[in-house]
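**Q** Each chain is listed here by its residues.
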Amino acid sequence: MADRATLSVRSLVIAPGASPVTQAIAPGEIVGLAGLDGHGQERFLKVLAGLERPAAGDVTIEARAITSFRKAVASGIAYLPRDRRSTGIFPTQSVLDNFAVSTLSRDMRFGLLSFAARRRRYEAYREKLSIVAPRPDASITTLSGGNQQKVLLARALALEPAILLLNDPTRGVDVATRHVLYDVFRGLAADGMALVILSSEIEEILLLCHRVLVFREQQVAAEITGNEMKSDTVIAAMFGRAA
Amino acid sequence: MSGFRRMAERWRGAGFATVLLVILIAVNLLLNPSRFHPSAWGALIGLAAPLIGAALASAPVILAGRGGIDISVGPLMGFVNAIVIQLLFLKLGISSPLVIVPAALLIGAIVGAANGFLATVVRIQPIVATLGTYLILTGMTLTILPAPIGPAPVWLKAMAGPWSALPLALIFLFWWLVRQTPYYDQLMAVGSDDRAAYTAGVPVTKVRFIAYVMTGILAACAGLMLTALIGSADPNIGPTYTLIAIAAVALGGVSLAGGRGGLLGAAIGAIDIFLLQSVLTAFNVSTYVLQIAYGVILVVAVIMTALQERLSGRKG
Numbered sequence: 001m002a003d004r005a006t007l008s009v010r011s012l013v014i015a016p017g018a019s020p021v022t023q024a025i026a027p028g029e030i031v032g033l034a035g036l037d038g039h040g041q042e043r044f045l046k047v048l049a050g051l052e053r054p055a056a057g058d059v060t061i062e063a064r065a066i067t068s069f070r071k072a073v074a075s076g077i078a079y080l081p082r083d084r085r086s087t088g089i090f091p092t093q094s095v096l097d098n099f100a101v102s103t104l105s106r107d108m109r110f111g112l113l114s115f116a117a118r119r120r121r122y123e124a125y126r127e128k129l130s131i132v133a134p135r136p137d138a139s140i141t142t143l144s145g146g147n148q149q150k151v152l153l154a155r156a157l158a159l160e161p162a163i164l165l166l167n168d169p170t171r172g173v174d175v176a177t178r179h180v181l182y183d184v185f186r187g188l189a190a191d192g193m194a195l196v197i198l199s200s201e202i203e204e205i206l207l208l209c210h211r212v213l214v215f216r217e218q219q220v221a222a223e224i225t226g227n228e229m230k231s232d233t234v235i236a237a238m239f240g241r242a243a
Numbered sequence: 001m002s003g004f005r006r007m008a009e010r011w012r013g014a015g016f017a018t019v020l021l022v023i024l025i026a027v028n029l030l031l032n033p034s035r036f037h038p039s040a041w042g043a044l045i046g047l048a049a050p051l052i053g054a055a056l057a058s059a060p061v062i063l064a065g066r067g068g069i070d071i072s073v074g075p076l077m078g079f080v081n082a083i084v085i086q087l088l089f090l091k092l093g094i095s096s097p098l099v100i101v102p103a104a105l106l107i108g109a110i111v112g113a114a115n116g117f118l119a120t121v122v123r124i125q126p127i128v129a130t131l132g133t134y135l136i137l138t139g140m141t142l143t144i145l146p147a148p149i150g151p152a153p154v155w156l157k158a159m160a161g162p163w164s165a166l167p168l169a170l171i172f173l174f175w176w177l178v179r180q181t182p183y184y185d186q187l188m189a190v191g192s193d194d195r196a197a198y199t200a201g202v203p204v205t206k207v208r209f210i211a212y213v214m215t216g217i218l219a220a221c222a223g224l225m226l227t228a229l230i231g232s233a234d235p236n237i238g239p240t241y242t243l244i245a246i247a248a249v250a251l252g253g254v255s256l257a258g259g260r261g262g263l264l265g266a267a268i269g270a271i272d273i274f275l276l277q278s279v280l281t282a283f284n285v286s287t288y289v290l291q292i293a294y295g296v297i298l299v300v301a302v303i304m305t306a307l308q309e310r311l312s313g314r315k316g
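Protein sequence lines correspond, in order, to chains D and E. Residue 243, in full-length UniProt numbering, is where the first sequence stops; the numbers in between run on with no holes. Residue 316, in full-length UniProt numbering, is where the second sequence stops; the numbers in between run on with no holes.
Chain E on its own, in the form it takes in the complex (with noise of 0.2 Å):
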C-alpha cells in the first residue's frame, strides 16, 4: 500500500506531462500505426534516446537548487560523440565496447568534476560556469573535428536500432540504486533548502559537487546514446541538445529550483516534447513552428504545474 502511494507520489509531481504523455501517445498512434508499431519500437526509442538521455543528465544538478544548471550537457555530448568516433575509432582502430564505453563516462566524470569544482567550490553561478565550459566544449570539438565524419562501431550502432532501450534502462537502474543510498536523501534535502541541510549535518558541497559528477557521467552516456543514432561524429548537434533537455526536465515537474520532481520526470518530459515533434512532422509543420510549440508548450506546463501545486498546498 504504502509502495503504491509512494508510486502515486511521484507520478503526481510529473502530472501535467503524464497526462500530456497519454495524449500524445494516443494521437501519434492515430496519425501513424506502422511508426508505433512494437516491431518499430528499437529504432523509436534509439530516436528518442539521446534528448531523453541529455534531459535525464540535465535533472541532478537541477534537482541540487541553488540555481544548480548545467547548460554544457549539450557540447560534453557532442565532444563524447567527436572522441569516440574521431580518435578512438578512426584514429587509434580501437572498437571494442570495453575500452569505449569506459573512456566516455570517464570524460563525463572530468568534465563533470570541473563544472562542479567552479560551481560548488569556487562558487561561480553555474549558469556562468557551464557557459564556460559550454564554450570549450563546443570550441575543442570543432578543433577535433571541424566537418563531419563516419563511421561507428557496429555495435554502437546496435545501440539506436534492436538494442536501444538497454542504455536507458541501465540508466534507470543507477539511479534507482542512487535512491537507495543515503546520497539521495541529501541530495533532495540540499535542493529543498541547503542551509537547513547544513544546520542538520549534511555535506552541502559535497552532495553538489557529486550531482556535477553524475550530471558529467550520465551526459557522456548520452552522447555515446547520439553516436549511436547518428552512426558517425558531428560536431555541431551536440550543443542543441542542451535548451531542448531543460526544457524537457521543466516540463517533466522538476523545479528549477531544486529538491522537487525527479529523473522519470525529467524522463517523461523529454518523451512529451519527443512525441510532439513526432506529432508535428506527420502534419509537414516545418521546424520553425516546432520551436514555437515547444515553447508554448513548456510555458503552458510549467503553469500547469504551479497551478496544481498550489491546489494541492490549499487542501493540505
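Isolated chain D (complex conformation) (with noise of 0.2 Å):
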C-alpha cells in the first residue's frame, strides 16, 4: 500500500459562472458522486484525475498540485475510465498485457522484462479480485464484461494509489461481481485508500459511501452524510429540489 494521502479541492470551478468546491477527501474515506448525466460530477472527477483543466481553483495531494494527467499518477493518483470499451481495454492484447501496460517497469530485472515476474504480480491481483480467467495469455476480449472490469481494475490497483478515481465502475457488470467489487472497495478504504466514486445508481452509492456529493449544473448542490443518506434526499437534491 502506498502513502496515505489527502486529496484537496481548493475553490474549484468546473465550468464559468458556478460556484466554486472546496473540498478534502481523506485517507480511508469513500465519496460518491451523483447527479444527473452532464450536470458536471464526470467533469468534476476528470478534473481530480487530471485529465480536464477546470475553470478555476485547484487540485492538490499533500502540497503537490494535479495539472496534468501525468502528475496526477506520479502524485499517486489512479483514474479507473467509464466506457471500458473505448477507453479501457486493450482488444488486441492479452489479459496478462492489459493487467500490466500501466505498471510495466515493475518487472525488469537486469534491464529486460521478466514475464514470470509480470505473471506473479497478475496472480496477487487474480486471486485479491477473483477474476474468472482460465488463461492469462488469452486476448482480453475472451472475458465477460465484469471480468474484464476487474483486470481494469488490478491494472489500477497495480499502481499502488493512494487515492482511486472510480467513474462508473459498475456499469455493464452483473449483480455477484458487483458485490465482489463492493468488498474490494471497502477493504481498500480500510486500508486507507481515499476512493472518489461516480455511480449512475444511487443504491450503489447509499450502499458504499460515507458521504456523497450531488451535482447540479456544474455544482456541488448537496454534500449529504450520516443519516441524510436516503435516495429521497439525493434524488431531491438531484433535481433541484429541497428535500
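Please keep in mind that the hints were generated in silico from the structure rather than gathered at the bench. One or more hints might be untrue.
Quick look at which bits of chain E chain D covers, simulated, 3 or more residues with Cβ under 8 Å [stated by the list, open to error]: (1) 176 to 182; (2) 186 to 199.
Cβ-to-Cβ under 7 Å is the rule here; a few derived chain D residues that face chain E [unchecked claim]: (3) VAL73; (4) PRO81; (5) ASP83; (6) THR87; (7) GLY88; (8) THR92; (9) GLN93; (10) VAL101; (11) SER102; (12) SER105; (13) PHE110; (14) LEU112; (15) LEU113; (16) LEU129.
Remember, predicted model here, so these are calculated numbers, not experimental data. A virtual CB, placed ideally from N, CA and C, is assigned to each residue, including glycine.
Once you've looked at the hints, go ahead and assemble the two chains, each given alone in its own frame, into the complex.
**A** Written out as C-alpha cells, the structure reads:
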C-alpha cells in the first residue's frame, strides 16, 4: 500500500459561472459523486484525475498540484475510466498485457522484462479480485464484461495508488461481480486508500459511500452525510428540490 | 507449455501467410530444386533480403496504429544506397564497415525522427507526412546520383552472398530485445487503442515517435542489404520497395489499423511475395502479370485474415 494522502480541492470551478467547490478527501474515505448525467460530476472526477482543466481553483495532493494526468499518476492517483470498450481495454492484447500496461517497469530484471514476475504480480491481483480468466495469455475480449472490468481495476491497483478515482465502475457488470467489487472497495478504504466513486446508481452510492456530493448545473448542489443518506434526499438534490 | 502457446498464438496471427509459405516452398522445390539447394541459400537469402528488410522496416509504425504508415521506406533505402556508394565509398574513399554501417543507421534515424516529428508532434497525417519525405528523398537521391554507379565494398557484397543471413539475424535479435522491454507492450497498447493507452499512463506521442525512428533505422538496414545485393548504387530501385513492403506486411497478418501482428509475420509476408515471384518467373511470366498476382494474393490474404479473426472471435 502506498502512503496515505489527502486530496484537497480548493475553490474549484468546473465550468464558468458555477460556484466553487472546496473539499478534502481523507485517507480511508469513500466519497460518492451523484447527479443527473452531464451535470458536472464526471467533469469534476476528470479534473481530479488531471484529465481536464478546471475553469478556476486547484487540486492538490499533499501540497503537490495536479495539473496534468501524468502529475496525477505520479502523485498517487489512479483513474478507472468509464467506457471500458473505448477507453479501457486493449482488445488485441492479452489479459496479462492489459493488466501490466501501466506498471511495465516494475517487472524489469537486469534491464529486461521478466514475464514470470509480471505473471506473479497478476496472480496476486487475480486472487484478490477473484478474476475468472482461465488463461492469462488469452485475449482480453474472451472475458466477460465484469471480468474485463476487474482486470482494469487490477491495472489501476497495481499502481498502488493513494487515491482511487472510479468512473461508474459497475456499469454493465453483473450483480455477483458488483458485490465482489464492493467488498474490494471497502477493503481498500479500510487499508487507508481514499476512493471517489462516480455512479449512475443511487443505491450503489448509498451502500458504499461515507458521504455523497450531488451535482447540479456544474456545481455541488448538496453534500449529504450520515442519516441524511437516503435515496429521497439524493434524488431531491439531483432535481434541485429542497428535501 | 506457455512458451509453446505464445509461439502458437504468434503464428496464428500470420496464419494464412504461413500456409502460403509452406505451399510456395513446396512448389519452388519441385520447380527449381537447384536454386533452393542448401548451397545456394546464401545467394537466395541475399536476393530476398531487401524486400524482407523493407517489410520489417514498415512494420513498427503500422503497429503503432491510428493510420501510422511510412511510405518513405523505399526512397530511404535508395538514399542510403546512394550516400554509401557515391559519397562515402567513391568520393571519400571510406570502405570500413565501422564507418559505413553507423553512418547509414544514423541517416535512417534522422529521417525516421523527421517523419516521427511530422506525424506525431506536428500531427500531419502519416501518409501525407511520409509522402513529403518520399518526394524529398527521391529528389535528393537523384541529385546526388543521376545515373547508376558502382562498385560496392567487398565486405558489403558478401552480405548478399555467404553472409546474407547475418543482417536479418541481427534485426531479429534487435527486435527480440525490444520485446523484452516495456516499450514493446506500450507500442502494442498504443496501436490497439491510443485513448485507452493514454488513460493507462502510456506516453502515446513518445511511443509513436520512437516507432518512426525504429522504422527509419530498419529502412537504413534494408538500404544496406539492397546495396549489398546490387553491388552498386542505383537511384531508381529504392522507391519500388515501398508499396510491395506494405503489401508484405499486410499479407503477414499485421493489421494496418495497428496493435496486431509482429515482425515475424511481416517477414513471412515478404518471403511469400519473394517465393511467388520466383514461381512465376520459373513459368516465364511477364513482370506485368507478376504485379497482378501480387495484388490478387494481397486481397485474398486480407480477406482470409479477416475471416479467420471473425471465426476465432465467435469461438471465444
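**Q** Against each hint, give a clear statement of whether it holds in the structure.
**A** Evaluation of the provided hints:
| no. | hint | verdict |
| --- | --- | --- |
| 1 | 176 to 182 | holds (count 4) |
| 2 | 186 to 199 | holds (count 11) |
| 3 | VAL73 | holds, 5 Å |
| 4 | PRO81 | holds, 5 Å |
| 5 | ASP83 | violated, 9 Å |
| 6 | THR87 | holds, 5 Å |
| 7 | GLY88 | holds, 5 Å |
| 8 | THR92 | holds, 4 Å |
| 9 | GLN93 | holds, 6 Å |
| 10 | VAL101 | holds, 5 Å |
| 11 | SER102 | holds, 5 Å |
| 12 | SER105 | holds, 5 Å |
| 13 | PHE110 | violated, 10 Å |
| 14 | LEU112 | holds, 4 Å |
| 15 | LEU113 | holds, 5 Å |
| 16 | LEU129 | violated, 17 Å |
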